[in-house]
Amino acid sequence: MAQPIIPVRAPSSSGEPSEPPRMPPTPRWVDALMLCVVAAVAYGIMRAAAEWRAPLSPNVRVSLSARLLPYYAGLSTLRMTIAYVLSLAFSVTYARIAAGSRAAERLMLPLLDILQSVPILSFMPGVVLGLAALFPGRTLGLEIAAIILIFTSQAWNLAFSFHQSLLTIPRELNEAAAVYRLGFWRRFTRLELPFGAISLIANSMMSWAGGWFFLMASEQFTLGSNNFRLPGLGSYLASAADAGDTHALVLGVATLVFVIVMLDQLFWRPLVAWSDRFKSEQSGGEAPQSRLLDALRGSAMLESLSARVARPLARTLDRKLGSAGSFEPRPRAHRNELRARVVRWGSMALLVALAIWGTVATVGALAGMTGGDWRLVGMSAAATFLRTTIALVLAAAWTIPVGVAIGMNPRWARHAQPLVQITASVPATAVFPVLLLALLALPGGLNIAAVALMLLGTQWYLLFNVIAGATAIPYDLRLVAASYRITGWRRWKTLILPAIFPYLVTGMITATGGSWNASIVSEYVTFAGRKQSTIGLGALIAQAAERSDFRLLLAGTLVMAGIVSATNRLGWRRLYALAETRYRLD
Amino acid sequence: MSDVNTIIAAPGATTTALLAAHDVMKFFGDDRRPVLEHVSLELNEGEFVALLGPSGSGKSTLLRILAGLMEPSGGEVLVHGSPLEGPNPNVAIVFQSFALFPWLDVLQNVELGLLAMDVSDDERQRRASKAIDLIGLDGFEEAFPKELSGGMKQRVGFARALVVQPEVLFMDEPFSALDVLTAENLRAELQDLWLNKTMPTKAVVMVTHNIDEAVSLADRILVFGANPGHIRVELKGLPSAERSEKSAARSRLVELIYRVMTNPEEDALAIVEQSLQGRTRPLAARGAGRAAATRARRYQVLPDVSIDDLTGLVQYIGGIGGHAEVQDLSRDLQMRADDLLAIVEATDLLGFGALQERQVVLTPIGTRFADSELDEEKAIFRAQALDHIALLHHIVRDLETTPTHTLDAERVIDELEHSFSGEEARRQFETAVDWGRYAELFTYDDSSGELTLDEEHRMRRS
Chain A
1 MAQPIIPVRA PSSSGEPSEP PRMPPTPRWV DALMLCVVAA VAYGIMRAAA EWRAPLSPNV
61 RVSLSARLLP YYAGLSTLRM TIAYVLSLAF SVTYARIAAG SRAAERLMLP LLDILQSVPI
121 LSFMPGVVLG LAALFPGRTL GLEIAAIILI FTSQAWNLAF SFHQSLLTIP RELNEAAAVY
181 RLGFWRRFTR LELPFGAISL IANSMMSWAG GWFFLMASEQ FTLGSNNFRL PGLGSYLASA
241 ADAGDTHALV LGVATLVFVI VMLDQLFWRP LVAWSDRFKS EQSGGEAPQS RLLDALRGSA
301 MLESLSARVA RPLARTLDRK LGSAGSFEPR PRAHRNELRA RVVRWGSMAL LVALAIWGTV
361 ATVGALAGMT GGDWRLVGMS AAATFLRTTI ALVLAAAWTI PVGVAIGMNP RWARHAQPLV
421 QITASVPATA VFPVLLLALL ALPGGLNIAA VALMLLGTQW YLLFNVIAGA TAIPYDLRLV
481 AASYRITGWR RWKTLILPAI FPYLVTGMIT ATGGSWNASI VSEYVTFAGR KQSTIGLGAL
541 IAQAAERSDF RLLLAGTLVM AGIVSATNRL GWRRLYALAE TRYRLD
Chain B
1 MSDVNTIIAA PGATTTALLA AHDVMKFFGD DRRPVLEHVS LELNEGEFVA LLGPSGSGKS
61 TLLRILAGLM EPSGGEVLVH GSPLEGPNPN VAIVFQSFAL FPWLDVLQNV ELGLLAMDVS
121 DDERQRRASK AIDLIGLDGF EEAFPKELSG GMKQRVGFAR ALVVQPEVLF MDEPFSALDV
181 LTAENLRAEL QDLWLNKTMP TKAVVMVTHN IDEAVSLADR ILVFGANPGH IRVELKGLPS
241 AERSEKSAAR SRLVELIYRV MTNPEEDALA IVEQSLQGRT RPLAARGAGR AAATRARRYQ
301 VLPDVSIDDL TGLVQYIGGI GGHAEVQDLS RDLQMRADDL LAIVEATDLL GFGALQERQV
361 VLTPIGTRFA DSELDEEKAI FRAQALDHIA LLHHIVRDLE TTPTHTLDAE RVIDELEHSF
421 SGEEARRQFE TAVDWGRYAE LFTYDDSSGE LTLDEEHRMR RS
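Chains as they are written, first to last, in the numbering used here: chain A, 1 to 586; chain B, 1 to 462.
Bound-form chain A, shown alone (with noise of 0.2 Å):
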């Protein structure tokens, strides 16, 4: 299994670990079920790669065979894992030279907040087309496109993060590091990863289920005449809906289930409780525990693999990159300014020919939109955005009492809390199907299901934060509301909602960005060889996209995007910058 975060720890006293060796002695079983893995994703890889060599066909059928569904599932994780070592990768660099540099950042973060409000299917034509272009007749091509999609869906969230983190490191611990002259490597291993790591984790846990969420999508998708399509568990369970083969999906369904909490249980657990020693301070809760992480800790085979190849390896590294890009005084070079403004100079002027011809290009091609196409744009938007809206209100009426019932009763919080969990981490889009059935029949067809639909896709962000608002309510508060008999309506306006207010605010912002992206797959939806659609935004894009018309995906996407980043700037920065100043509990 590959740790996407490795921390260079300066090698202490010669060589030995610095933490002392944890209680239980080796478990034998640790070293055997190590191998065993790395045998399996050894093997795995292979048959994967001879999956990618072989030759494209444009109408490849899933088999609905039970036995098949480890092997379809070990290729969906193995492509979330690429794509999520591309998008972590990418992310930190991108929010590195962000930090880097004011004016790349003035530029950068517009970028991804726009990035982030595309939704991932406006992606689809032109990566697919493009790389099918590039690796004509073999899979690959597609192999990687679908890669590419589900880095979409991964990436931003990330790079954000780090940013984020980036930008919050205490002024003095900078300051330490260019004092004591770590340079770039040192400075990027020792303070700004490690001080990145716990919300990069957590927003990795939260890239992978943006992943699972849309793996249907990035498996299988119809371009124009052709039906493409990968092996894969979303492939798997998209076949299972379209032959409405009940039994196929759920199996299909349970597997989903089973590589996702093996998958939490195996990787982000012990992360987590790693991780924990990057918290700066000493919080009042329990550190996060992994069974499976300490068993790691007293592995023999480990210890002697970081001994010999980690640890060497990191040494080396630091001692080869330790001194770049350090600030050594030096005489003033003039010309060195010079070419780095040229350079700046120049980059600029490519970015703008590059912005102009863009907008240009843009326009062009919307230039070809009827009044007719606008108004089913301009439709189509309003009925996503009163759908949306339902879907968010219809969330906080549940997961609000829910949440605050759960996250101030700390017996029901250890009980409903894993149960909670597990069922939040099933993507929704696996259920569709499953609900479909159901919800098809009711009146008003898909134009209510969809609501479902993207309720279903969003209403956990919220829960989450409900919780763990409600958690963090001071005990003494309760106690002064018990003590001065405040109940019922008036308990919640005067303590429970102001407390919960900033969760819920971030809750929400999450929620809306979520219900928008899930429209394209929630209003447009094939289920038993049927096409089922209804008037909306993401019927629109998902339609367009399958139709290959540029142009209406074009206006689709722009207006989505413009409406979701304007409901995040107009709405909920507003009310998030009101939670920080006014509803702080501190």
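These are computed hints drawn from the structure, not numbers from a lab. All residues carry an ideal CB built from backbone N, CA and C; glycine is no exception. One should not assume that every hint holds.
[Stated by the list, open to error] Calculated from the model, a selection of chain B residues having no Cβ within reach of chain A, i.e. all distances over 10 Å:
no., residue
1, Ser97
2, Arg160
3, Arg336
[Stated by the list, open to error] Quick list of the computed label-pair ranges, beta carbon to beta carbon:
no., chain 1, residue 1, chain 2, residue 2, range
4, A, Glu105, B, Gln356, 15 to 21 Å
5, A, Arg582, B, Arg126, 52 to 58 Å
6, A, Gly224, B, Arg32, 54 to 60 Å
With chain A fixed as given, assemble chain B onto it according to the hints.
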């Protein structure tokens, strides 16, 4: 009496300065707001220099410019005579917030300073252990910062700085995040290390806003003024024999510096001369010299003192007979001299007490205030505040004359900005609001930024 030259440090014109700043300027932000203007100083071998001043006087900025962490907007910094570019390789800094890396243990944190130097792993560890030893951290090598108390954390900060054997040690408010006892202890240890030459450092520069700290440690004290930051006066430190708490010379110097710092508008040199001639005046003088300053300013500088501290001190002094030595108060109330003197200045402004020869003496009104019940106490405070505090007087007058009896906070602050810098104007406003609310003169809604005349006060008036 004595000559001014015994107190004022003469700017030394040496060519061998370890570090020098020539006419350094610094502007911040798009509006090029000046934070430092025409600052020059030289640092010579064997010197311990304190940069002392109120917040906003640019002393930390100057330290960062000298360390090469910031570029000056004008002027230059010379290291051994040659211009500095990039981080100054000859300095190490001890930070107010310790600036330890939370994920590295004590040993690794100390080794951090050596990473960029070309030393072998063994040598690095040997040196780090030695520094840890020197600073009294033995046995804590494997501890992480979050397991340590504040004092221990700052010891790690010192060890990390000393391990690189810097030519010059910089300290940015090194003790102000620590509690009194810990700070005192660490300060004494540092002083021993410095005086016994146990550390190889050739000079120390310390930024502080604590007068006691500066007087205890420094050979030379540079008093900074704000808006924009500049050096007001350079004072000679005391010989080490006279630095003890009990020495009269020390009390005189502390009081003199306080006088300089609490009269930011006046010529520092004149204050020093007056003090030498034994002409001590009440602190917040309302005499002729003061009038000239107030005319330009319109408002007195309200010290940043809370109502609780103010009433608490007056009642305390009232309880022990109406007068007390500043030194005794500082000891009994466990307060730093400058914090205490700020409260004393507030009582003086309100006419509750005055500083006479290092003694705080309550006025008759002050005594009455100390003996009153809450309602009467507030009534006295109200009367005194309206009489003596120009800002409160103006706010209330404006509130009374507007038909809605409300006033926009921003308007008041804008007006204050004619006399104070932006940050200071806001602080003045906040202090005035604190006092005015207590006096029940007006109410203030922070979210709408609106001052409203107090109902009862309006009825009292009409």
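Cross-check of the supplied hints:
Listed as a non-interface residue, Ser97(B) fails to keep its Cβ farther than 10 Å from every Cβ of chain A; the least gap is roughly 5 Å. With a cut of 10 Å on Cβ distances, Arg160(B) falls inside the contact zone with chain A, its closest approach being about 8 Å. At the 10 Å boundary, the C-beta of Arg336(B) stays outside the reach of chain A, the nearest C-beta of that chain being 23 Å off. Distance hint check: the CB atoms of Glu105(A) and Gln356(B) are about 58 Å apart, inconsistent with the given range 15 to 21 Å.
For the hinted restraint 52 to 58 Å between Arg582(A) and Arg126(B), the CB-CB distance of approximately 54 Å keeps it satisfied. For the hinted restraint 54 to 60 Å between Gly224(A) and Arg32(B), the CB-CB distance of approximately 59 Å keeps it satisfied.
Comparing the model with each earlier hint shows violations of hints 1, 2, 4; every other hint is respected.
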